[in-house]
Amino acid sequence: MARKNARPGRTLAVFFLVLAVVYGLVALGGKWKPELGLDLQGGTRIMMIANGHPTSEAMKQARSIIDERVNGSGVTAAKVTTQGSNEIIVDIPGQSRDDLVNEVSQTAQLRFRLVACQQSCSTSSSTSSVLPSTAPSSGASAPASGAASAPASGAPRAGLAYDLKQAKGKKKHKKHKAGTPSSSASPSATASAAPSTAASPSATPSTSTSPDQKGDVSVDQAVQFMNNPPADWSAKLDAYTCPAKGSANVEDNPSQPLVTCDSSGVKYLLSPAIIEGTQVSDANSGIPQNGVGYVVTLDFHSAGRKAFADATGAIAGTNQLFAIVLDGDVISAATADSRINGSAQISGNFTQASAAALANNLKFGALPVSFDKKNGISHSTIGPSLAGNQLSAGLWAGGIGLLLVMLYCLLYYRGLGLVVVGSLVVAGVTVYGMVLLLSKTADFTLDLPGIAGLIVAVGITADSFIVYFERIRDEMRDGKSMRVAVEAGWRRARNTCLAADGVSLLAALILYIFGAGDVRGFAFALGLSTAIDLVIFFFFTHPTIQWLSHYKFFNRGHRLSGLDAEALGVDRITVGGRA
Amino acid sequence: MSKFTRLGNSLYTGEKSIDFVGRKWTWYAISAVIIIAAILGLSLKGLNMGLEFTGGTQYTVTVSGTASQKVADSVRTAVGGSGVKAASDPTVTTSGAHNLIIQIKSVSQAENTTVLKAITDTTHVSAKNVSQDHVGASWGKEVATKAIQGLVVFLVAVMLFIAMYTRQWKMSVAALVALAHDVVITVGVYALSGFEVTPATVTGFLTILGFSLYDTVVVFDKIKENTKNLRATKRSYADAANLAVNQTLVRSINTSIVALIPVAAILWVSAVQLGTSTLKDLALALFVGMAAGTYSSIFIATPLFVQLKSGEKEVLDAERRARRARQADPYANVPAFVEGMEVEDDGIPAELREGEETTAPHGFRTRPNTDAMGRGRTAPPARGPVRESGSSGRRQPTRQPRSKRGK
Numbered sequence: 001m002a003r004k005n006a007r008p009g010r011t012l013a014v015f016f017l018v019l020a021v022v023y024g025l026v027a028l029g030g031k032w033k034p035e036l037g038l039d040l041q042g043g044t045r046i047m048m049i050a051n052g053h054p055t056s057e058a059m060k061q062a063r064s065i066i067d068e069r070v071n072g073s074g075v076t077a078a079k080v081t082t083q084g085s086n087e088i089i090v091d092i093p094g095q096s097r098d099d100l101v102n103e104v105s106q107t108a109q110l111r112f113r114l115v116a117c118q119q120s121c122s123t124s125s126s127t128s129s130v131l132p133s134t135a136p137s138s139g140a141s142a143p144a145s146g147a148a149s150a151p152a153s154g155a156p157r158a159g160l161a162y163d164l165k166q167a168k169g170k171k172k173h174k175k176h177k178a179g180t181p182s183s184s185a186s187p188s189a190t191a192s193a194a195p196s197t198a199a200s201p202s203a204t205p206s207t208s209t210s211p212d213q214k215g216d217v218s219v220d221q222a223v224q225f226m227n228n229p230p231a232d233w234s235a236k237l238d239a240y241t242c243p244a245k246g247s248a249n250v251e252d253n254p255s256q257p258l259v260t261c262d263s264s265g266v267k268y269l270l271s272p273a274i275i276e277g278t279q280v281s282d283a284n285s286g287i288p289q290n291g292v293g294y295v296v297t298l299d300f301h302s303a304g305r306k307a308f309a310d311a312t313g314a315i316a317g318t319n320q321l322f323a324i325v326l327d328g329d330v331i332s333a334a335t336a337d338s339r340i341n342g343s344a345q346i347s348g349n350f351t352q353a354s355a356a357a358l359a360n361n362l363k364f365g366a367l368p369v370s371f372d373k374k375n376g377i378s379h380s381t382i383g384p385s386l387a388g389n390q391l392s393a394g395l396w397a398g399g400i401g402l403l404l405v406m407l408y409c410l411l412y413y414r415g416l417g418l419v420v421v422g423s424l425v426v427a428g429v430t431v432y433g434m435v436l437l438l439s440k441t442a443d444f445t446l447d448l449p450g451i452a453g454l455i456v457a458v459g460i461t462a463d464s465f466i467v468y469f470e471r472i473r474d475e476m477r478d479g480k481s482m483r484v485a486v487e488a489g490w491r492r493a494r495n496t497c498l499a500a501d502g503v504s505l506l507a508a509l510i511l512y513i514f515g516a517g518d519v520r521g522f523a524f525a526l527g528l529s530t531a532i533d534l535v536i537f538f539f540f541t542h543p544t545i546q547w548l549s550h551y552k553f554f555n556r557g558h559r560l561s562g563l564d565a566e567a568l569g570v571d572r573i574t575v576g577g578r579a
Numbered sequence: 580m581s582k583f584t585r586l587g588n589s590l591y592t593g594e595k596s597i598d599f600v601g602r603k604w605t606w607y608a609i610s611a612v613i614i615i616a617a618i619l620g621l622s623l624k625g626l627n628m629g630l631e632f633t634g635g636t637q638y639t640v641t642v643s644g645t646a647s648q649k650v651a652d653s654v655r656t657a658v659g660g661s662g663v664k665a666a667s668d669p670t671v672t673t674s675g676a677h678n679l680i681i682q683i684k685s686v687s688q689a690e691n692t693t694v695l696k697a698i699t700d701t702t703h704v705s706a707k708n709v710s711q712d713h714v715g716a717s718w719g720k721e722v723a724t725k726a727i728q729g730l731v732v733f734l735v736a737v738m739l740f741i742a743m744y745t746r747q748w749k750m751s752v753a754a755l756v757a758l759a760h761d762v763v764i765t766v767g768v769y770a771l772s773g774f775e776v777t778p779a780t781v782t783g784f785l786t787i788l789g790f791s792l793y794d795t796v797v798v799f800d801k802i803k804e805n806t807k808n809l810r811a812t813k814r815s816y817a818d819a820a821n822l823a824v825n826q827t828l829v830r831s832i833n834t835s836i837v838a839l840i841p842v843a844a845i846l847w848v849s850a851v852q853l854g855t856s857t858l859k860d861l862a863l864a865l866f867v868g869m870a871a872g873t874y875s876s877i878f879i880a881t882p883l884f885v886q887l888k889s890g891e892k893e894v895l896d897a898e899r900r901a902r903r904a905r906q907a908d909p910y911a912n913v914p915a916f917v918e919g920m921e922v923e924d925d926g927i928p929a930e931l932r933e934g935e936e937t938t939a940p941h942g943f944r945t946r947p948n949t950d951a952m953g954r955g956r957t958a959p960p961a962r963g964p965v966r967e968s969g970s971s972g973r974r975q976p977t978r979q980p981r982s983k984r985g986k
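Those sequence lines, one after another, are chains A and B.
So for the first sequence, the working numbering puts the first residue at 1; every next one is plus one.
So for the second sequence, the working numbering puts the first residue at 580; every next one is plus one.
Worth flagging that the hints you see were computed from the coordinates, not collected in a lab.
You can trust all of the hints, since none of them are fake.
Dumping the calculated DSSO-like pairs for lysine-lysine here, alpha-carbon to alpha-carbon at most 27 Å:
| no. | chain 1 | residue 1 | chain 2 | residue 2 |
| --- | --- | --- | --- | --- |
| 1 | B | 595 | B | 807 |
| 2 | B | 803 | A | 480 |
| 3 | A | 480 | B | 807 |
Derived list of chain B stretches under chain A, where covered just means 3 residues or more per stretch with a C-beta under 8 Å from a C-beta of chain A:
| no. | segment |
| --- | --- |
| 4 | 733-745 |
| 5 | 774-782 |
By construction, the Cβ of each residue, glycine as well, lies at the ideal position given by its N, Cα and C atoms.
Just chain A, same shape as in the assembly (with noise of 0.2 Å):
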């Protein structure tokens, strides 16, 4: 940077046409005003109703989670309070925020079971008890057409895989489905198959009544669940219909089977729930190599991961199936190949936002409490908390402010007071036009704390400039011509400013790491705004410097150019170079 041929002209070209490309991506958005916080725009309440009673501590669980969700990229600035006895509302900045309704409301109660039957229990499967493997097989005839359609057409159930040998996985998979029928024709392999593939893995460490956590059965009890599955449930399997999209949802008690429906209208008879939601503990969305569709990609806690390599090693080889139930919906199910000792995928036909959207709800957990979803919630549009008339004070203070900054700046800087004004203008031209690409892709919503931050971060901005022109009149004083002085005076003032600011960064990282709500929000304005600070002192006032350093008017002292012998205090000061 500070060598000798440096070129100046060249930073600042690359700084402008960088400012150039983040405003053309602000011209693709089409939008040149800040979305504006709750407090200013006002914006959208969704207010829900819990079903039955809960109690305070789940309504304030709920609340935390549901905060957390909304919450959860830290810029939203959205507001969740409990009101009444068993309602939660939702104020989202900016107008008709519907589509964050279902987001909001879903309970994601998240749970594993294993398939027993699908559509029916064949009726030999209630006689033949004896013979565990006609339940499989039997089963298998009957959806077989489903189950080898449903990929085929691409939706609703293809891989439960592993992380990194999907691809492999994937294709021996479809294979392996293609092939239902003919394989299932010999029903005994895969009985024989089937226990013994479930003893080895799981039989040792624990056995059928120790269960791996609370509400939960063991692997070994669903697997037998799954191979010989009650007369009672499959009755029920049978008589039971599946509901119309979007109406009330099962009732899913983790300790009993279950008897349920997926999106294309598919029966299942479920074992009781091996996995629970609370044991995932991260979850991420995406494409995967060499995948098509978006999935929802899960960690598990050291139990939960144990109970999903046991229950794959299960039913590894056979044709039976793995169900990822969600609010008592099977979304995805799936056979596996081996046993799986690591993450799981959803796929089912998400978009991009589904997939991020149930990725972000598993991740913070299942809510206590559930919501009617017909009756008990309902959205309507809020006007701004603060009256109107603070946005203009608040902008008039600001522009007041700013002026005022400048005016002094140029008094007691004179010449040098111009490169602050620059600095200041171009600073503030990068931080309104970061805030438009950001609340066209992360929904950052500026409120009036906002805004009195930025207002507060010029005064930390202009203050690189200060340590910096200060830095150059010391090192003038000690005799050095303009031009050394600029080099020697950025060398230090550039230590000082990282560390200063570095501490700045550190606050905003930590705070946006360990913050919820508006804690994060602030941290997040804050790490912006310093590192906008640290580009501008970087690419603009410094370069500037140097540039100017070149001209007569500077680098001779002239009397308005801030270092002038008088300016400094000094009797006379160096001119160097040629002079």
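Add chain B to chain A, keeping to what the hints say.
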């Protein structure tokens, strides 16, 4: 202006110097008084926590006409002016086309009636069109707990950061003490003024935290630079630190002016134009905190740091060296007669008339000798034989003439 810039130079050279480090007890006493006042205020009056922390009562009003922003504003003024303390800063929003939502902190039955009356009078609806409900805190305990957790981690990290950057853990201790000083003062001002603590205020506190540390690091960076080479400069640690503060003084003044002007503008505009408002609360916190932040990094952090350092061997060595350097040439500062020097009739130079300068520790000290030849000065006898310098006998580097150097 020019006087101020002159000051800048004389502060830089050390010609003029304010004894920040030496008069530490004065500064400590001033801060102690302020802090005691703040703590008293805090314990006696307590903080006025806002609706977001405490929860409260919500009124939903169905107005006869449309619920416009104007109606909301007038209700806000009416409820705020109803004289009920818990309702002094209500949140009023429109909801849908015909509803108004008014949120205030929990009130007693009598106060409830007053507020209700203020609402019904302004909106011209009967009391049965107003429904009441309890709202919970949006800033519940867990948010606060998380924020505090983050804060603790941040403070530990920042201590490590400063200690690593400056290589002196005592600097991080001093910086943290200064930080605590600022935060206590700001919180005290809140308690004393009775302003409501809202999430915006918390944001303000965090800003102060950042600013205070930022400012302290800038000052400490200069101290670090000045004290790097004490052996050569023959200064004591305290003197070097004091010089550093004096050298950054102009920056500190400028920075505080530049940082405080916008905040002051917000404070002024909001106080004059708006009366009670979020903006005013926030601006007050920022103004007090930032002023305290600049003050504490000069008057608290630096003296404290020097005091913490004072027992260290290096520092004591530097002090001994500095004392010896001062004694080596006791006449160094005696003025020499030069042509055109002002000499008064009674023979006493003008500088000596100022009483204060003659009270310096070494008899009288005046301006340093500026004569280039060192005339008028009797050099003391050498303390030992002159030794050969380290470079003697070694081959010295040579430099070819420009024409031979190529290019």
